[in-house]
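> Chain by chain, the residues:
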Amino acid sequence: MTEEVVITDQDDLIINVGPQHPSTHGVLHLVITLNGETVKKVEPHLGYIHRSIEKMCESLTYRQFIYTTSRMDYLSSHINNHCCAMCVEKGLQVEVPPRAQVIRVLMDELTRLASHQLWWGALAMDVGALTPFFLAFREREMINDIMEETCGTRLTMNYMVPGGVMADIHPNFQRRVHEFLAHFKRKIDEYDELITDNIIFQNRTKGIGFISKEDAISYGMSGPSARGSGVQCDIRKLYPYEVYDKLQFKEIIESGGDCFARYMVRMKEMKQSMSIVEQLIDNIPEGDFQAKTKNVLKLPKGEFYSRVETARGELGVYIISEGGTTPYRIKFRSPGYSNLSALDHMTRGQKIGDMVAIMGTLDLVIPDIDR
Amino acid sequence: MSFVKNYIGEVWGAVKSLATGMKLTGQYALRHKKEKITQQYPDNKDTLKLPERFRGEVVLIHDENNEHACTGCTACELACPNGSIKIITKFDLTPEGKKKKAVDTFVYHLDLCTMCNLCIEACPTDAIKMAQTFEHSVTDRNKLIKVLNKPGSKIREGVEEKKSQ
Ligand code: SF4
Ligand code: SF4
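Chains as they are written, first to last, in our numbering: chain F, -2 to 368; chain P, 148 to 312.
If we strip away everything but chain P, and leave its shape as in the complex, we get:
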């Protein structure tokens, strides 16, 4: 007798457990508030706002006078673990006739970058930052090699190269 009893008990338990799960699924199907929990990308392109710390790509900050704070000290190049940054420096002549190191071309390999943020941390003058752009797909990977200093840009007045301690 006890065998039959156990058997019926087991079947009852099984049906009950399945019904509990089905009830939950049913609740979701019927009473769910129809809120969308996935991002409606790309339809929400205009309203999509990524957090300000989001690491999308490295950019050199330029102000309205087309000036930046990069002294060409190559600290970021040394900090980068995989050689995504290459700084080509030149020597500007100051009004006093002295030579001063400045950045000529700031080459940035977006294709190599791992968004580790180490270059930003290393920069003594906070000249670079992470931008929130993320639509980086291109058909030719040479397009991912970027020059970050804009043409004609120069270093902002008063920014001095700090010696790293």
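For reference, chain F alone in the conformation it holds in the complex:
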């Protein structure tokens, strides 16, 4: 028999944070039960930005549905598109040319860098430092410019198509990536000086929002948030796709389980991403950037699943096909949703001011949670 635990009582204060609260970075609505300043319970209410993407995809063809996934986790739109394209390729059994594979991985890692930069700036702003936000955007702008040149857009790319990538890289691509790497290598030390070593930041994050390895697994957390608790869950290592198995990089795992550990995972991951980009940027093989595919794509009857590591964790795309030109059913397993479910566990007994830091280190993107 399960034991009923009563955690709230009559004198508790119930407040709403959001759906329009600056620290939730989107339309997330949290109903918080407070005893004084201590959080007793957090209840996320979703649905404010539900666009029914999964249902919409059922009426779109296998070429068309990919663009909608840029609007899920808009900070890793390349990686979302990548996962969808991979799933369709699995069904079609097409081989992606080596050049396209390398370009895809390059774009993924640049996206990861840009996403982590934005997260770093936003987290610093959440805990009360404004300057880092501007510094982060300065570097992120360089990546955005690179993307703009090659893909044509800055945020919602739709660059990965079934069979490869939409267009070849821009002639300036390699030069600009080199420039960015040289610039960011110097600047990432500034990030450390400003925030990582800062005593105020450390006091606000160390020991805050603890979640153990077992709990992280049972909540289904993934990505840097889970790796901060010592869970080995990097899809790039566990189920390597494209050229990841040929690359030298470390899976960053911290054992702390608190906000600072999750912070450190992302900071170190940025350096790993930079090293991946460095390994590939001068070694882009010659050849086609897109495999030959039919004009109208038809997946055979069956079920297909692909998974990638986005900047936030594991994204899964599950397609059921009835053999037609549109999917019968699509399901996205988004990392943000599972990570959010652990928020209640992490914030219990913490102060309400710390909740902002905890949410910041979970790196929630609301449209990803609420598809």
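Everything labelled a hint here was simulated from the structure, so no lab data went into it. On a predicted model such as this, the values are computed, not experimentally measured, just so you know. A portion of the hints provided could be inaccurate.
[Said to hold, decoys possible] Calculated cross-link-like contacts (lysine-lysine; reagent style DSBU-like; alpha-carbon spacing at most 30 Å):
#: 1; chain 1: P; residue 1: 163; chain 2: F; residue 2: 265
#: 2; chain 1: F; residue 1: 268; chain 2: P; residue 2: 183
#: 3; chain 1: F; residue 1: 268; chain 2: P; residue 2: 163
#: 4; chain 1: P; residue 1: 276; chain 2: F; residue 2: 289
#: 5; chain 1: P; residue 1: 180; chain 2: F; residue 2: 182
#: 6; chain 1: P; residue 1: 163; chain 2: F; residue 2: 182
[Stated by the list, open to error] Computed far set for chain P versus chain F, every beta-carbon distance over 12 Å:
#: 7; residue: 199
#: 8; residue: 246
#: 9; residue: 287
Even for Gly, the Cβ is constructed at its ideal location relative to N, Cα and C.
For chain F, the structure is supplied; the task is to place chain P with the ligands on it using the hints.
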């Protein structure tokens, strides 16, 4: 004694870490080269150049004779995920007296377009492309429904409708 020692050590570490951060901020304030890292829009309107692949809006390419390469095959209309393109076709009479399909009105809904580039990819004759314009704000959204083929324009000589494979 060790408590006091730890305490002083901690305070010293804290002051040092803050000083490091302040030093960096100070450096930026004093020795920074005063370069502007933000776009000075709209002051730089004349010099602002967007990359050639930038997706601003879909346009139909017309040459100097007011001719385009659109055969009215509606491949772009079918490729568009959200129905931003509507091709209204007509039948032209060729000199031999045969009927030939041609585009009558190329309606483009800029208000629906998501700049996904799928229509451009789908066009077999490369008749459309992405333009770099981005100042699309208007006060009436009906103004965003555009007709892309210019009045009096016709299909360029020699462009044939390709059958999609
Ligand atoms: S860019 Fe995409 S949304 Fe816009 S008209 Fe072309 S296919 Fe449709
Ligand atoms: S696909 Fe090209 S040729 Fe066909 S209707 Fe569209 S613009 Fe015209």
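> Compare the structure with each hint and give your call.
Hints, verified against the model:
Distance restraint check for residue 163/P and residue 265/F: the Cα-Cα separation of roughly 23 Å lies within the 30 Å cut-off, and the hinted pair is therefore satisfied. The straight-line distance between the Cα atoms of residue 268/F and residue 183/P is roughly 27 Å, inside the 30 Å bound, and the hint therefore holds. About 25 Å separates the Cα atoms of residue 268/F and residue 163/P, which keeps this hinted pair within 30 Å; it holds. For the hint linking residue 276/P to residue 289/F, the alpha-carbon distance of about 22 Å falls within 30 Å, and the restraint holds.
Proposed proximity of residue 180/P and residue 182/F is supported: the alpha carbons are some 19 Å apart, at most 30 Å. With a C-alpha separation of about 24 Å, the suggested pair residue 163/P and residue 182/F falls inside the 30 Å cut-off, and the hint holds. In this structure residue 199/P is not separated from chain F by more than 12 Å, as the shortest Cβ-Cβ distance comes to only about 9 Å. Every beta carbon of chain F lies more than 12 Å from that of residue 246/P, the smallest distance being close to 26 Å; the non-interface claim holds.
For residue 287/P, the condition that its CB be more than 12 Å from all CB atoms of chain F holds, with the nearest at approximately 26 Å.
In summary, the one numbered hint that this structure violates is 7.
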